[in-house]
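We have chain A; now place chain B onto it with these hints.
Listed in order, the protein sequences are those of chains A and B.
The first sequence begins at 124 in the numbering used here and counts up one residue at a time.
The second sequence begins at 124 in the numbering used here and counts up one residue at a time.
Just so you know, the hints here were simulated from the structure itself, not pulled from any lab data.
Just to be clear, a hint being listed does not mean it is correct.
No copy labels: a pair is met if it fits in one copy or bridges any two.
[Stated by the list, open to error] Pairs of lysine-lysine residues, derived as DSS-like cross-links and limited to a Cα-Cα distance of at most 27 Å, are as follows:
1) K504 with K390
2) K128 with K390
3) K390 with K441
4) K316 with K128
5) K324 with K471
6) K316 with K473
7) K128 with K292
8) K128 with K504
There are 2 protein chains.
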Amino acid sequence: MLNEKMIGLGTARSVIRELFEYGNQRAAVVGRENVFDFSLGNPSVPAPPKVNDTINDLCRTSDPVQLHGYTSAPGAPAVRETIAQSINRRQGTHFTGDNLYMTCGAAASLTSALNGLCNPGDEVVVFAPYFPEYQVFIEHTGAEMVLVPADVEAFQIPFDELEARLTPKTKALIVNSPNNPSGAVYSEATVEKLADLLRLKEAEYGHPIYLIADEPYREIVFDGVTVPYLTKYYDDTLVCYSYSKSLSLPGERIGYIVVPDECADSKLVFAACAGAARALGYVCAPSMLQLVAAACCEETADMSVYAENRRLLLEGFKEMGIPCVAPGGTFYIFPQSLEPDDVAFSEKAKSLDLLVVPGSGFGCPGHVRIAHCVPTERIQKALPVFQKLVDLYRK
Amino acid sequence: MLNEKMIGLGTARSVIRELFEYGNQRAAVVGRENVFDFSLGNPSVPAPPKVNDTINDLCRTSDPVQLHGYTSAPGAPAVRETIAQSINRRQGTHFTGDNLYMTCGAAASLTSALNGLCNPGDEVVVFAPYFPEYQVFIEHTGAEMVLVPADVEAFQIPFDELEARLTPKTKALIVNSPNNPSGAVYSEATVEKLADLLRLKEAEYGHPIYLIADEPYREIVFDGVTVPYLTKYYDDTLVCYSYSKSLSLPGERIGYIVVPDECADSKLVFAACAGAARALGYVCAPSMLQLVAAACCEETADMSVYAENRRLLLEGFKEMGIPCVAPGGTFYIFPQSLEPDDVAFSEKAKSLDLLVVPGSGFGCPGHVRIAHCVPTERIQKALPVFQKLVDLYRK
Numbered sequence: 124m125l126n127e128k129m130i131g132l133g134t135a136r137s138v139i140r141e142l143f144e145y146g147n148q149r150a151a152v153v154g155r156e157n158v159f160d161f162s163l164g165n166p167s168v169p170a171p172p173k174v175n176d177t178i179n180d181l182c183r184t185s186d187p188v189q190l191h192g193y194t195s196a197p198g199a200p201a202v203r204e205t206i207a208q209s210i211n212r213r214q215g216t217h218f219t220g221d222n223l224y225m226t227c228g229a230a231a232s233l234t235s236a237l238n239g240l241c242n243p244g245d246e247v248v249v250f251a252p253y254f255p256e257y258q259v260f261i262e263h264t265g266a267e268m269v270l271v272p273a274d275v276e277a278f279q280i281p282f283d284e285l286e287a288r289l290t291p292k293t294k295a296l297i298v299n300s301p302n303n304p305s306g307a308v309y310s311e312a313t314v315e316k317l318a319d320l321l322r323l324k325e326a327e328y329g330h331p332i333y334l335i336a337d338e339p340y341r342e343i344v345f346d347g348v349t350v351p352y353l354t355k356y357y358d359d360t361l362v363c364y365s366y367s368k369s370l371s372l373p374g375e376r377i378g379y380i381v382v383p384d385e386c387a388d389s390k391l392v393f394a395a396c397a398g399a400a401r402a403l404g405y406v407c408a409p410s411m412l413q414l415v416a417a418a419c420c421e422e423t424a425d426m427s428v429y430a431e432n433r434r435l436l437l438e439g440f441k442e443m444g445i446p447c448v449a450p451g452g453t454f455y456i457f458p459q460s461l462e463p464d465d466v467a468f469s470e471k472a473k474s475l476d477l478l479v480v481p482g483s484g485f486g487c488p489g490h491v492r493i494a495h496c497v498p499t500e501r502i503q504k505a506l507p508v509f510q511k512l513v514d515l516y517r518k
Numbered sequence: 124m125l126n127e128k129m130i131g132l133g134t135a136r137s138v139i140r141e142l143f144e145y146g147n148q149r150a151a152v153v154g155r156e157n158v159f160d161f162s163l164g165n166p167s168v169p170a171p172p173k174v175n176d177t178i179n180d181l182c183r184t185s186d187p188v189q190l191h192g193y194t195s196a197p198g199a200p201a202v203r204e205t206i207a208q209s210i211n212r213r214q215g216t217h218f219t220g221d222n223l224y225m226t227c228g229a230a231a232s233l234t235s236a237l238n239g240l241c242n243p244g245d246e247v248v249v250f251a252p253y254f255p256e257y258q259v260f261i262e263h264t265g266a267e268m269v270l271v272p273a274d275v276e277a278f279q280i281p282f283d284e285l286e287a288r289l290t291p292k293t294k295a296l297i298v299n300s301p302n303n304p305s306g307a308v309y310s311e312a313t314v315e316k317l318a319d320l321l322r323l324k325e326a327e328y329g330h331p332i333y334l335i336a337d338e339p340y341r342e343i344v345f346d347g348v349t350v351p352y353l354t355k356y357y358d359d360t361l362v363c364y365s366y367s368k369s370l371s372l373p374g375e376r377i378g379y380i381v382v383p384d385e386c387a388d389s390k391l392v393f394a395a396c397a398g399a400a401r402a403l404g405y406v407c408a409p410s411m412l413q414l415v416a417a418a419c420c421e422e423t424a425d426m427s428v429y430a431e432n433r434r435l436l437l438e439g440f441k442e443m444g445i446p447c448v449a450p451g452g453t454f455y456i457f458p459q460s461l462e463p464d465d466v467a468f469s470e471k472a473k474s475l476d477l478l479v480v481p482g483s484g485f486g487c488p489g490h491v492r493i494a495h496c497v498p499t500e501r502i503q504k505a506l507p508v509f510q511k512l513v514d515l516y517r518k
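Looking at chain A on its own, in the form it has when it is part of the complex (with noise of 0.2 Å):
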């Protein structure tokens, strides 16, 4: 009588809150001290102190009338603009406020891009190992999600696995570069044969294939690493931000999407964003948090206690024999799992009150997730506790 699947939606235990969950319970008995909980990835430093600051000076210089009022619904043209500046200057684009829709965060960014893009019968394409809520937001659009195989030697692109599952249904591909849960960044060879394929194929089936950029990691890269800006190397190109990670303010919902002039349709694909965000409830993104991205769009978090952790765990790892590629960016790393079933390697791991996340829940089996988002001090207590893991697998 219900919708039966939105009932499944919101029932569903999702595996990393019950690892959470786990650890509160374990904290309780053995102490906080004593458990290694790698489970969420929520970001662990603050917000740079500019946030604040804006938030306290608009609350007390601005008409509130204004300053809590509805926006139009892609959002304060004056914050658009400022943001699609921003792009510009650090990306080398070319974009203005008008190609800029403020959302609710990625996955507002995502569901609003996905609605507008998909009919029934489409198919999306997603590279494992991959955000589980994808699937959810793919099928409630009425689409298939197409999942390509991890290329686990370097977490890039296995380009036969992907040619051989593009087909004419193929409406977009979800591209998620810094990566959760792997932590690889695609190169730009990666990036340039993606798009030559795509091109490729866009000419084979006469219709775009649109490539959607979900990019909420994109700050947080490591060792000079840099993150190719997909737009100026496909058209077709939406990119989703979210200043969740980058700013560490994942509760209050702000994010964008941009929608090049470039694009296939720009203006159409733009106006069913917008209708999709409509017909989703999203009235506008939060008028305030609007303001505080465009006043904050060039800071970041300190993210240099990510770099320390994610070091950390790389040499410490390497020493110890556990087989790890070496993430270019995020606050997870993603080693593998010491026998074949990540999901009994995970129990294992629990039985030393360490909590990692199996990687077949990411559609990528024999590997974990290890969200470092966590005092430094954790991570130096862990190694040991990581290295007692190991003899259980060499005694």
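The following block gives chain B in isolation, referenced to the frame of chain A:
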């Protein structure tokens, strides 16, 4: 190729928005003070000072990682509990935090509830005059909107018309009291009769019929009118609330759904709303605003301006002979147009720089909506222009 329905929604010209933009153009020509724009339902009184005070306190005293971090999907437990207890104190209900799902405003409340409840082929009953987005929200679920024509005598419920439209496919009804655009508040007698009829039909059809109470205007009432709290009259009620109007925070997108324990399949309905919110891309309601809502949930903006504006308009219209049902609440009044064609009437008003919205867009021709959420001075200066409009019909 793209989703045509979404393109349609994204490009549709809103009559209200067009009037508002025409007003801005005219203001540039004849001066802002000579344009009498009553098109937009945007609160004109500031949020109560406690809102910005709370924001400043939170920014000064909270851990920013917590303050701006994800809450659980239904909202922060303490926020939900505080608001539940506040409703209980004011309405005599018995909710706990577990009955509340925090949302990004009333539109998100409605889309989450409708997508959770409805399957394609279901029918959702709406009463004219109605907020036009209801149709967009209902049709996105695959359900069909069934419109009950207006009771233009009192804007209560025309029960014969309603009964003729209830079928075994009826999944839900949306009621909006105080009503946009009529300002009408359903009397206790209306609510009791509605509850009786729905219980009868539930028994006849052998399944629940859900009553969705869309209540953003609950706090804006006049002359001692009280708004019955519908869960007390009819078990299978969901309340969709927003702080947009009560706290003058329409841009901040904060509200909630109440799913009472006594509602049929209460736990499943809650899960379905949660699942729908997830599929639509609502990760959580804006985190800081959740705390603001909890701190300010017994405050309201100063509604005395709306009371004075309403009084001036009603008295003026009475003198001029413009027929108008006195609204019990909201910042709208909904007089009859002085010719049957409300669009022609609105055009004639427009020729005098008097901007009022035709009722036909709300499913109620022969009327116009006047949004009196404006400075009282604008009302005072507009009354002679309304008289000029009347004279055009009496010459």
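Going down the list of hints, with the structure as the test:
Proximity of K504 and K390 under a CA criterion of 27 Å is satisfied in neither setting, with 53 Å inside one chain copy and 41 Å between copies. Taking the shortest Cα distances, K128 and K390 sit within 27 Å of each other only across copies (15 Å), while inside one copy they are farther apart (33 Å). Taking identical chains as interchangeable, the C-alpha atoms of K390 and K441 are never at most 27 Å apart, the minima being 50 Å within one chain and 48 Å between chains. Taking the closest pair of Cα atoms, K316 and K128 never come within 27 Å of each other, the shortest separation being 38 Å inside a single copy and 34 Å across copies.
Taking the shortest alpha-carbon separations for K324 and K471, neither the intra-copy value of 45 Å nor the inter-copy value of 55 Å comes in at or below 27 Å. When the C-alpha separation of K316 and K473 is checked against a cutoff of 27 Å, the pair qualifies neither within a copy, at 41 Å, nor between copies, at 58 Å. In the homo-oligomer, the alpha carbons of K128 and K292 lie at most 27 Å apart both inside one protomer (24 Å) and across protomers (19 Å), since each shortest distance falls under that limit. Taking the shortest alpha-carbon separations for K128 and K504, neither the intra-copy value of 42 Å nor the inter-copy value of 55 Å comes in at or below 27 Å.
Hint check: violations occur at hints 1, 3, 4, 5, 6, 8; the rest are consistent with the structure.
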